[in-house]
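Going down the list, the sequences are from chains A and B.
Each residue of the first sequence is one higher than the one before, counting from 1 in this note's numbering.
Each residue of the second sequence is one higher than the one before, counting from 1 in this note's numbering.
It should be emphasised that the hints constitute simulated quantities derived from the structure, not laboratory data.
Honestly, I wouldn't trust all of these hints.
Unchecked claim - Not close to chain A: a few residues of chain B, all C-beta gaps over 10 Å, as computed:
#1 Gln-30
#2 Glu-140
#3 Arg-228
#4 Val-232
#5 Glu-233
#6 Glu-236
#7 Glu-256
#8 Ala-513
#9 Glu-522
Said to hold, decoys possible - Okay, derived cross-link-like pairs now, BS3-like style, lysine-lysine, Cα gap no bigger than 25 Å in a straight line:
#10 B:Lys-119 x B:Lys-80
#11 A:Lys-236 x B:Lys-299
#12 A:Lys-236 x A:Lys-171
#13 B:Lys-251 x B:Lys-230
#14 B:Lys-292 x A:Lys-171
#15 B:Lys-80 x B:Lys-109
#16 B:Lys-399 x A:Lys-236
#17 A:Lys-247 x B:Lys-399
#18 B:Lys-109 x B:Lys-128
#19 B:Lys-304 x B:Lys-269
#20 B:Lys-299 x B:Lys-285
#21 B:Lys-189 x B:Lys-201
#22 B:Lys-285 x A:Lys-171
#23 B:Lys-201 x B:Lys-128
#24 A:Lys-171 x A:Lys-247
#25 B:Lys-119 x B:Lys-189
#26 B:Lys-304 x B:Lys-273
#27 A:Lys-236 x B:Lys-273
#28 A:Lys-171 x B:Lys-290
#29 A:Lys-236 x A:Lys-247
#30 B:Lys-119 x B:Lys-109
As the list claims (entries may be wrong) - To spell it out: a stretch of chain A is covered by chain B in this simulated footprint if at least three of its residues, at any positions, have a beta carbon under 8 Å from a beta carbon of chain B; those stretches are:
#31 48 to 56
#32 288 to 299
Even for Gly, the Cβ is constructed at its ideal location relative to N, Cα and C.
Chain by chain, the residues run as shown.
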Amino acid sequence: MKTLTPIQKRRLRNFRNNRRGFWSLWLFLAIFGLTLVAELISNDKPLVISYQDTLYFPVVENVPEETFGGFLPTEADYRDPFIADEILANGWMLWPPIRFSYDTINYDLDVPSPAPPSTENWLGTDDQGRDVAARVIYGFRISVLFGLTLTIASCIVGVIVGAIQGFYGGKIDLVGQRFIEIWSGLPVLYLLIILSGIVQPNFWWLLGIMLMFSWMGLVDVVRAEFLRARNFEYVKAARALGLNNRKIMFRHILPNAMVATLTFLPFILTGAITALTSLDFLGFGLPSGSPSLGELIAQGKANLHAPWLGISAFISLSLMLTLLVFVGEAVRDAFDPRKNG
Amino acid sequence: MSELLEITNLSICFNQGQNAVDFLSLSLQQGETLALVGESGSGKSVTALSILRLLDERHASYPSGEIRYRGEDLLEAPEKRLRQVRGREISMIFQEPMTSLNPLHSVEKQISETLELHKGMRGPQARKRCLELLQLVGIENPENRLGAYPHQLSGGQKQRVMIAMALANEPTLLIADEPTTALDVTVQKQVLELLRDLQQKLGMAILLITHDLTIVRRYASRVAVMERGKLVEEQETAALFASPNHPYSRKLLDAEPPEAPLVQAKHDKPLLKVSNLDVRFTTHKGLFGKVKAYFHAVKRVSFKLSRGQTLGIVGESGSGKTTIGHALLKLTASTGSIELDGQELAGLDQNAFRPWRRRVQIVFQDPFGSLSPRMSVAEIVREGLEIHDTENREQHEQKVITALLDVGLDPEARHRYPHEFSGGQRQRIAIARALVLQPDLMILDEPTSALDRTVQKQVIELLRDIQARYGLSYIFISHDLAVVRALSHQLLVLRQGEIVEYGDAGEIFRAPAEQYTQELLEAAFFYQQKDATITTTI
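Take these sequences, add in the hints, and give me the full structure.
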C-alpha cells in the first residue's frame with residue numbers, strides 16, 4: 001500500500017490552493033462526464049417506452065417500427081407523429097431533455113433554417129435544420145476525446161523518443177535532433193490538404209496524421225531531463241548494480257521527466273483541440289455531417305444573419321479552452337518547487 | 001573592553017515552526033576570532049545569516065533577541081542602513097566558492113562592484129585597488145587574473161577572490177561560513193593561514209563557522225559550541241580542548257577517526273590485480289571523429305589488493321581517484337588490465353560484465369543523490385537482488401532485513417522513503433544496498449565526506465566492523481587522510497592521474513618518501529601537531 005510522499009502531498013496542496021484551477025478541473029470533468037453520456041441527454045429516441053405493458057429502451061436496443069403498429073421492419077422513427085401517437089395511446093414515452101441527436105433534421109420548423117432559438121431548439125438550428133444544442137454537446141465530446149487521444153499518443157511517442165535521445169546521447173541524439181528539425185519544418189496543413197484529397201479523413205486518419213507532427217513537442221523537455229539525470233549518482237548506482245538500460249530509464253529516470261511532461265499536458269490538450277477545430281473550420285477535418293465545433297464556426301461565418309450559430313460555438317469553445325488553461329496553470333503551480341503551500 | 005558584536009537572547013524560527021535558533025547569546029570583540037562550531041542543522045549558519053539579516057524574511061522571523069553591532073540593533077535597522085553595513089563593515093564569505101561567484105562576470109568586475117557601491121571608486125582607481133586586494137589574498141599574476149572568469153580559476157583561487165571581495169572595504173567583522181569545507185586539505189590550510197595573516201594585518205574580528213573542531217584549535221581564540229539551536233558551551237579554545245564541560249562538546253572532540261585499521265589480516269591471496277590502467281576523456285574531436293585532444297585522467301596505474309584488505313586512494317580533487325573507481329566498474333571506458341580472482345575483466349562488454357557486478361559494488365559520496373527519491377528503502381536495497389538472484393520474494397525480503405541489520409538500521413525502516421532519513425542513515429542504506437549482494441569488493445567513493453564528523457566516525461566504525469565480519473576488500477577513495485588512515489592497509493597517493501607513492505599504509509603515514517605525500521600529510525594533520533605552540537601565542 002503506497003501512501004503519498006510529502007512531495008506529492010505538497011503538490012496536491014499547491015494544486016488545491018489554486019482555487020480557480022481546482023474548480024475549473026471539477027467543472028471540466030463534470031461537463032465532460034455529462035457529454036460522455038450525450039446519448040441520454042440529447043437524442044431523437046426516447047429513453048424508455050412503455051407500449052402495451054412492455055418496456056423498451058430504444059437508446060440501447062433497435063426496436064423495429066412493426067412493434068408499434070407500423071409497416072416497416074426498420075428501426076422506428078419516434079419523431080414521426082404516427083408512431084408517437086400510437087405509442088402514447090398504448091403507454092408512455094420518456095424523452096431525454098433535448099429531443100434531437102446531432103444529425104436529426106427538424107422538418108417541422110416554422111421558419112426557414114437556420115432557425116432562431118425556441119423552446120424546441122434551445123440554441124436554434126443550423127442551416128440544415130439540425131439542433132445546435134445537440135451538435136454542441138456531441139461536438140464538445142468529440143473534441144475532447146480527440147484531444148485526449150492525441151495528447152496521450154503524442155506523449156507516449158514523445159517521451160520514448162526523448163528518453164532514447166537523452167539517455168544514449170552522442171550520435172543517436174545528434175541524428176534525432178536533426179531529424180526533428182527537418183520534420184518540424186514540414187508544412188502540416190499543406191500535407192493534410194493533400195492527404196484529404198487522397199483519402200476521406202475520419203477520426204482515426206486525422207489522429208494519425210496529426211500525431212505524425214505533434215509528438216515533437218515533448219521530446220525536448222524529456223530529452224533535457226534524461227541528459228541531466230543520466231549522470232545522477234543513483235542512476236550510476238543502478239548501473240553498478242547491473243540494471244539494464246531499459247530498467248534504468250523507466251524506473252529511475254522517467255519519474256523525473258514525468259514532472260515536465262505532466263506540466264505540459266493540459267497545454268498540449270488545448271493545442272490538439274484547437275488544431276482539430278481549425279481543420280474542421282477549413283473543411284479538411286472530420287467527415288461532413290459529424291458534430292464538430294469547427295464546422296459550427298464555419299456555419300456561423302457563412303450565416304452572419306444567424307448570430308446564435310457563431311455565439312454558441314464561441315461560448316462552448318472558449319469555455320472549454322479557458323477551463324483547460326486554468327487547470328494547466330494549477331498543474332504548473334503544483335509542480336513548482338518554489339511554491340510552498 | 002568594547003564589544004564589537006553582541007547577540008543577546010536571539011531566537012529565529014521559520015514558518016512559525018520550532019525555533020531554529022533558541023535564545024542564543026554571543027559576543028565578539030574587536031580583532032578576535034570566535035569559532036561557532038556545531039553539526040549540520042545546529043543553527044550556526046542561520047545565526048551567521050541573521051547578523052546581516054540575509055534570511056528570507058517571508059519565512060524567517062525573530063521572536064526574541066537583539067543583534068547589536070557597535071551598540072546599534074541590526075534587527076531594528078531599516079533596509080537602507082543594512083545595505084550600508086553589508087559588505088562595508090561586516091562582510092561574509094560563503095562555503096561554496098563554485099556558486100558564490102557570478103559566472104558571467106570577470107574577477108575585476110566582481111571585486112570593483114562592491115568598491116563602487118560603498119566607496120564610489122571607479123575606473124583606474126578601482127582597478128588599482130583590485131590589484132592590491134588580489135595581491136593581498138595571494139593570487140599569483142594578479143594583472144593577468146583581473147580579466148579571468150570564475151570557471152578559469154581553481155576552487156582555492158575562487159575562495160581567495162571571495163575573500164578579496166569581502167575585504168575590499170576593510171570590514172571590521174568578517175563572517176566566514178565554512179570557508180574551507182569545499183576545498184582540498186592543502187588548499188584549506190592555505191586559506192585558513194591567509195585569513196589569520198589578514199586578520200593580523202587588518203585588525204578585523206572573524207566569526208568562523210565550521211563543523212570541524214580540528215581546524216578551530218589553531219585559528220580561534222574562543223569557541224562557542226551549538227547543538228540544535230542552543231549554545232551549549234563557550235570557552236577559550238585551549239580550555240575547551242583541555243576540558244570540555246558539556247557532553248556534546250566532548251562528543252565532537254572524540255569524533256576524530258581512529259588511527260589504524262581494525263583487522264591486520266594477512267591473507268596474501270590477491271583478489272584484484274590492476275595493471276596499466278589508463279583513462280582518457282576526449283575533449284576535442286576532428287571532423288571525421290578522429291580524436292584530436294584528450295584529457296588524460298588516469299595514467300598507467302597499477303596496484304594489487306588482497307582479500308579482506310583495504311586499499312586507500314588519496315589525492316586532491318582532479319587527481320583521478322574517482323575515475324579509477326568508475327573504470328573498475330566499467331562506468332567509464334578504460335584500457336589496461338583488470339583481473340578479479342584471476343579472471344580478466346578488461347575486455348568484457350556491458351552484458352558480459354553484468355554477472356560480475358554482483359561481486360564489485362560501489363558506495364557513492366553524496367548520500368542525498370545516490371538513493372532514488374521515489375523508491376522505498378526496501379525497493380532500493382532489493383533492486384540488485386532482483387537482477388542477480390533468482391530466489392523468491394520472501395527470501396529477498398529476508399536478505400534485505402539482514403542487510404539493514406548489518407548496517408545498524410531498524411528493519412522496519414525498509415517501508416520508508418530516503419528523504420525521511422538523515423545523511424548518516426542514508427549512507428547506511430547505500431552500504432546495505434551494496435552489501436546485500438554479498439560482494440567481494442566494495443568501492444567506497446568518499447563515503448564520509450558529506451557527513452558530520454561524529455557521523456563520519458560511526459560510518460567508519462561500521463565499515464571496519466563489516467570488513468572484519470565478512471572479510472570484504474575495500475577500495476577507499478578519499479581526500480581526507482584522517483579517514484583513510486582509519487581503514488587502509490595499503491595506500492596509493494595519486495596526483496594528476498599518476499601514482500606518487502604506493503605501499504603499506506602504516507609505513508607511508510609514518511615516513512612518507514615523496515615530498516608531495518609529506519605536504520598532504522602536513523596539511524591534514526598539522527592541527528594536532530602544533531597544538532602546543534598555539535596555546536602560547538594566545
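Here is what the structure says about each hint:
1. Chain A leaves Gln-30 (chain B) outside its interface by the beta-carbon criterion, the shortest separation being 41 Å against a cut-off of 10 Å.
2. At roughly 33 Å, the least C-beta separation between Glu-140 (chain B) and chain A is larger than 10 Å, which holds for a residue marked as non-interface.
3. With a cut of 10 Å on Cβ distances, Arg-228 (chain B) stays outside the contact zone with chain A, its closest approach being about 22 Å.
4. No Cβ of chain A comes within 10 Å of the Cβ of Val-232 (chain B); the nearest lies about 31 Å off, and the non-interface call holds.
5. Every C-beta of chain A lies more than 10 Å from that of Glu-233 (chain B), the closest at about 35 Å, which supports listing it as non-interface.
6. The Cβ of Glu-236 (chain B) lies farther than 10 Å from every Cβ of chain A, with a closest approach of about 42 Å, so its non-interface assignment holds.
7. Distance check for Glu-256 (chain B) against chain A: the nearest CB is about 28 Å away, which clears 10 Å, and the non-interface claim stands.
8. Distance to chain A confirms Ala-513 (chain B) as a non-interface residue, since its nearest Cβ pair spans about 34 Å, more than 10 Å.
9. Under the 10 Å C-beta cut-off, the non-interface status given to Glu-522 (chain B) relative to chain A holds; the minimum distance is some 32 Å.
10. A distance of roughly 16 Å separates the Cα atoms of Lys-119 (chain B) and Lys-80 (chain B); the hinted pair therefore holds under the 25 Å criterion.
11. Distance hint between Lys-236 (chain A) and Lys-299 (chain B) is fulfilled; the C-alpha atoms sit about 23 Å from each other, no more than 25 Å.
12. Taken as a hint, the Lys-236 (chain A) and Lys-171 (chain A) pair is honoured in the structure, with Cα atoms around 21 Å apart against an allowance of 25 Å.
13. Between Lys-251 (chain B) and Lys-230 (chain B) the CA atoms are separated by roughly 16 Å; this keeps the pair inside 25 Å, and the hint holds.
14. At roughly 18 Å between alpha-carbon atoms, Lys-292 (chain B) and Lys-171 (chain A) fall within 25 Å of each other, so this suggested pair holds.
15. Our distance criterion of 25 Å between C-alpha atoms is met by Lys-80 (chain B) and Lys-109 (chain B), whose separation comes to about 23 Å.
16. Simply put, Lys-399 (chain B) and Lys-236 (chain A) have alpha-carbon atoms about 23 Å apart, close enough for the 25 Å limit, and the pair holds.
17. Proposed proximity of Lys-247 (chain A) and Lys-399 (chain B) is supported: the alpha carbons are some 22 Å apart, at most 25 Å.
18. Note on Lys-109 (chain B) and Lys-128 (chain B): the hinted pairing holds, with a Cα-Cα distance of about 13 Å set against a maximum of 25 Å.
19. In summary, the hint linking Lys-304 (chain B) to Lys-269 (chain B) is supported, as the alpha carbons are separated by about 10 Å, within the 25 Å threshold.
20. Between Lys-299 (chain B) and Lys-285 (chain B), the direct Cα distance comes to roughly 21 Å. Compliance with the 25 Å bound is thereby established for this hinted pair.
21. At roughly 18 Å between alpha-carbon atoms, Lys-189 (chain B) and Lys-201 (chain B) fall within 25 Å of each other, so this suggested pair holds.
22. For the given pair, Lys-285 (chain B) sits about 13 Å from Lys-171 (chain A) by alpha-carbon distance, which is consistent with the 25 Å threshold.
23. With a CA separation close to 19 Å, the supplied pair Lys-201 (chain B) and Lys-128 (chain B) stays within the 25 Å bound.
24. Between the alpha carbons of Lys-171 (chain A) and Lys-247 (chain A) the distance comes to roughly 22 Å, so the proposed pair stays at or under 25 Å and holds.
25. Pair hint Lys-119 (chain B) plus Lys-189 (chain B) does not hold up; C-alpha atoms about 32 Å apart against a cutoff of 25 Å.
26. For a cut-off of 25 Å, the pair hint linking Lys-304 (chain B) to Lys-273 (chain B) stands: about 4 Å separates their Cα positions.
27. With a C-alpha separation of about 24 Å, the suggested pairing of Lys-236 (chain A) with Lys-273 (chain B) holds against the 25 Å cut-off.
28. Of the pairs offered as hints, the one joining Lys-171 (chain A) and Lys-290 (chain B) holds, with about 14 Å between alpha carbons and a cut-off of 25 Å not exceeded.
29. Restraint check: the Cα-Cα separation between Lys-236 (chain A) and Lys-247 (chain A) comes to about 13 Å, which is no more than 25 Å; the hinted pair holds.
30. At roughly 15 Å between alpha-carbon atoms, Lys-119 (chain B) and Lys-109 (chain B) fall within 25 Å of each other, so this suggested pair holds.
31. Coverage of the stretch 48 to 56 of chain A by chain B is violated. Counting CB-CB distances below 8 Å, 0 residues qualify, and the rule asks for three or more.
32. Note: the stretch 288 to 299 of chain A has 0 residues with beta-carbon separation from chain B under 8 Å; the three-residue rule is not met and the coverage is violated.
Consistency note: the structure conflicts with the earlier hints numbered 25, 31, 32.
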